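Generate coordinates for the entire structure from the input sequences, incorporating the hints supplied.
Residue numbers (our numbering), protein chains in the order written: chain A, 2 to 278; chain B, 21 to 331.
What the hints contain is simulated information worked out from the structure, not anything from laboratory work.
Note that this is a predicted model, so its numbers are computed, not measured.
Check each hint, because a few of them may be wrong.
Once the Cα atoms are required to be at most 20 Å apart in a straight line, the calculated EDC-like pairs of lysine to aspartate or glutamate come out as [said to hold, decoys possible]:
| no. | chain 1 | residue 1 | chain 2 | residue 2 |
| --- | --- | --- | --- | --- |
| 1 | A | Lys223 | A | Asp137 |
| 2 | A | Lys131 | B | Glu291 |
| 3 | A | Lys131 | B | Asp77 |
| 4 | A | Lys223 | A | Glu64 |
If you only want the chain A side, here are some residues facing chain B, beta carbon under 10 Å, derived [unchecked claim]:
| no. | residue |
| --- | --- |
| 5 | Met92 |
| 6 | Trp110 |
| 7 | Leu245 |
| 8 | Ala248 |
| 9 | Ala252 |
A virtual CB, placed ideally from N, CA and C, is assigned to each residue, including glycine.
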Amino acid sequence: MRAGKGARAGQYIALLGYLVFLGFPFLWLISTAFKPARELAALHPGWIPRHPTLANFRQAFDEQPLLHAALNSLFAALGAAVIAVLIATPMAYVMARRRTPLARAATGWVVVSQAFPFVLVIIPLFLILKNLHLIDSRAGLVMVYVVWALPFALWMLVGHVRAVPAELEEAAAVDGAGRVRTLVSVTAPLLAPGIVATALFAFVSAWNEFFFALVLLKTPRKQTLPVVLTHFIGAEGVADLGPLAAASFLATLPSLVVFAVIQKRITGGVFAGAVKS
Amino acid sequence: MTLASATSRPAGHAPRRGGARRPPDHGAWFLVLPALIPILVLSVGPLLYGIALAFTDSQSGRTAPTRWIGGLNFQDLLHDTLFWDSFRIGLLWAVGVTVPQFLLALGLALLLHQELRFRWLARALAIVPWAMPEVVVGIIWRLVYNPDAGVLNETLHDLGLGDGRDWLSGLGTALPAVIVVGVWAGMPQTTVALLAGLQNTPRELHEAAAMDGAGAWRRFLTVTWPALRPVALAITALNLIWNFNSFALVYVLTNGGPGGRTRLPMLFAYEEAFRYGQFGYAAAMGCVMVAVISVILAIRLAVRLGGGEDT
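Structure (C-alpha cells):
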C-alpha cells in the first residue's frame, strides 16, 4: 500500500476519531464506577476520579442481589452453551456433509430465525411454559436459551465441519476405520477448537440476553444479571449512578474476557462463512 | 473403552472406497433428532402458534376460553394510530441506525485493513460494544447523556457550547440520541463483516490497479467495492431486520419515552402483551412486523437474483 504523507496523517486522524467514539463511553463507565458519591454529585465531575473508591461496588451488592443474579446468569449461560453445542454438533455435521432436504430445510430455518420478531415467539412460549409450570424457572429459561442459541451455533459449526476435509474421513474409512471411530479419532480433534469457540459464543449470548429473561422470570432472586441491572434504574428513570456503573462494569467483565479469547475466530470464521454460503 | 467396542460393529461392513455411493443412511436421523426436536417444539411450533394467536382474543388472566375472532385484531390494528406511530418510528430508527452505521463501519474497516500503527487497539476497542450486554450499553449511554453528571454535557460545557440539556427526555432530541447509541452498539458486527469481505479481495488486483495509476477513489470503485458488494448487501439487510426488531437498548435508555417518541414496535408489542395482557392483539402486531421484514428479505433476494451474484 503506497500512501502519501498527507493521506497517512489523515488516516491516523480518522483512526483517532474512531478510537474516541468507540472508547469513551466505556472509559466513562469505569470512571463513574470508581468515583466517590461526592464527586458524582459535583457540578462538573472530571474524567478521572480524584479519590477512587470501591464504595460503589459495596453499595451495589447491598442494594440488589447481584451475587445471586450472577450465579443465575452463569447457570443459564453455561447450561445453554453446553446443551446447545452437544445437540448442534451432530446436526451441523449432517448439514455440512449431506445435501438432504432436511439439511436444506435446517439451513432455511437458520436464516429465517434471524428475522422474526421475538414477540411472536415469546407469547406462545410464555403460554406453553406456563402450562408446564416452567414460568419463573431457571430450567425453562435454559430451554429457551438453547433453542435461541441454536441457529448461530449451527451456522458456526457447519462452517467448521466444512473446514475439515472430507477426504481425511474417507481415507480413514479406506483404512478400515468404522464410522464412529472415524468421527471420534479423525473429525472430533480437528473440530474441537471450533466447538469450543461456538460454546463460548453461545455462553456470551446467553449471559448478555435480556428480553426472554425479562418476560420469563418474575421472582427477583431468580432473575439474571441484565434484568437485575435494570432495577438500579428507578421507576422515574432516576438512577444511583455510582452503584449502577459498578454493577454494569462487573456484569461486562466475563463477556469481555470470553470475547478477547475467541475474537480471532469470530472475525475470521463466523462472517467469512456466514456471508459466503 | 465403550467407544472402541462400538466401532467393532461397522467394521463388519465391507470397507468403503473413497467417494463410493453410500446406501440410504438412517443413522443420520440419530445425529439430527437431538437438535430437531427442540427446534420443532420450542421454535417452529411456537412461531406457528403465535401466528394462530393473532386470530384469537387470547388474554392473560382471563377465565373465559379463548375464542377465534378471525381478522378482528388486524382490523383494530389498522385503526390503531399509536401502533402506526410506533411503526413509523421503528422504520425511522432502523434506517437511521443502519445507514450511518454502514458508512462508519466501512470507513473503519478500510482503515483497519491498512498497515497502521495502533490498529490492534482499534480492533480491540471495536469489539467492546459487541461483547457488552445490550442492557449495559444502554446504561453506559444513560451515563453519557445524563443531564447532571454526563460526559456529553460536561464536554459541551468545557468547549463553551452552553450548559447542554437532558438529551433523552427532550421531545426533539430523544430519537436522534437513541439512534447514536444504536449506531455505536452495532458498529462492531458490521465492521467485522466488512473487514472479512475486504480480506477476501485479491491484493494483486489492487496492486495492478495502482500500477496503472488509478487513484485511491478509483481503486475503491473498481476493485474494492465490487468484491465487497455481496457482504455489504447481506450485512445491511440483516442490520435493517435486527434494528427493526430491537428492544433492550431502547427499553433501558428511554423505555419508549418521552411521549412515545422512541417507542419501537417491539416495545409497543411487549407492553401490549405483558403489561395489558393482550396476547392476541400483540401477536397480530408481530405478524405485521413479520410482513414488513419479509418485504426487506424479498428486496434483498431480488437484488441478489438481479445482480446474478452467488452470495
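Comparing the hints with the structure gives:
1. At roughly 7 Å between alpha-carbon atoms, A/Lys223 and A/Asp137 fall within 20 Å of each other, so this suggested pair holds.
2. With a C-alpha separation of about 19 Å, the suggested pair A/Lys131 and B/Glu291 falls inside the 20 Å cut-off, and the hint holds.
3. Between A/Lys131 and B/Asp77, the direct Cα distance comes to roughly 18 Å. Compliance with the 20 Å bound is thereby established for this hinted pair.
4. Between A/Lys223 and A/Glu64 the CA atoms are separated by roughly 16 Å; this keeps the pair inside 20 Å, and the hint holds.
5. Interface hint at A/Met92: satisfied, since its Cβ lies 4 Å from the closest Cβ of chain B, which is below the 10 Å cut-off.
6. Residue-level restraint check for A/Trp110 holds (minimum Cβ-Cβ distance to chain B is 7 Å; threshold 10 Å).
7. Interface hint at A/Leu245: satisfied, since its Cβ lies 6 Å from the closest Cβ of chain B, which is below the 10 Å cut-off.
8. For A/Ala248, the shortest C-beta to C-beta distance to chain B is roughly 9 Å, which falls under 10 Å, so the interface hint holds.
9. Contact between A/Ala252 and chain B, as hinted, is supported at the beta carbon level, the nearest pair being about 6 Å apart and thus within 10 Å.
When the structure is compared with the earlier hints, no violation turns up for any of them.
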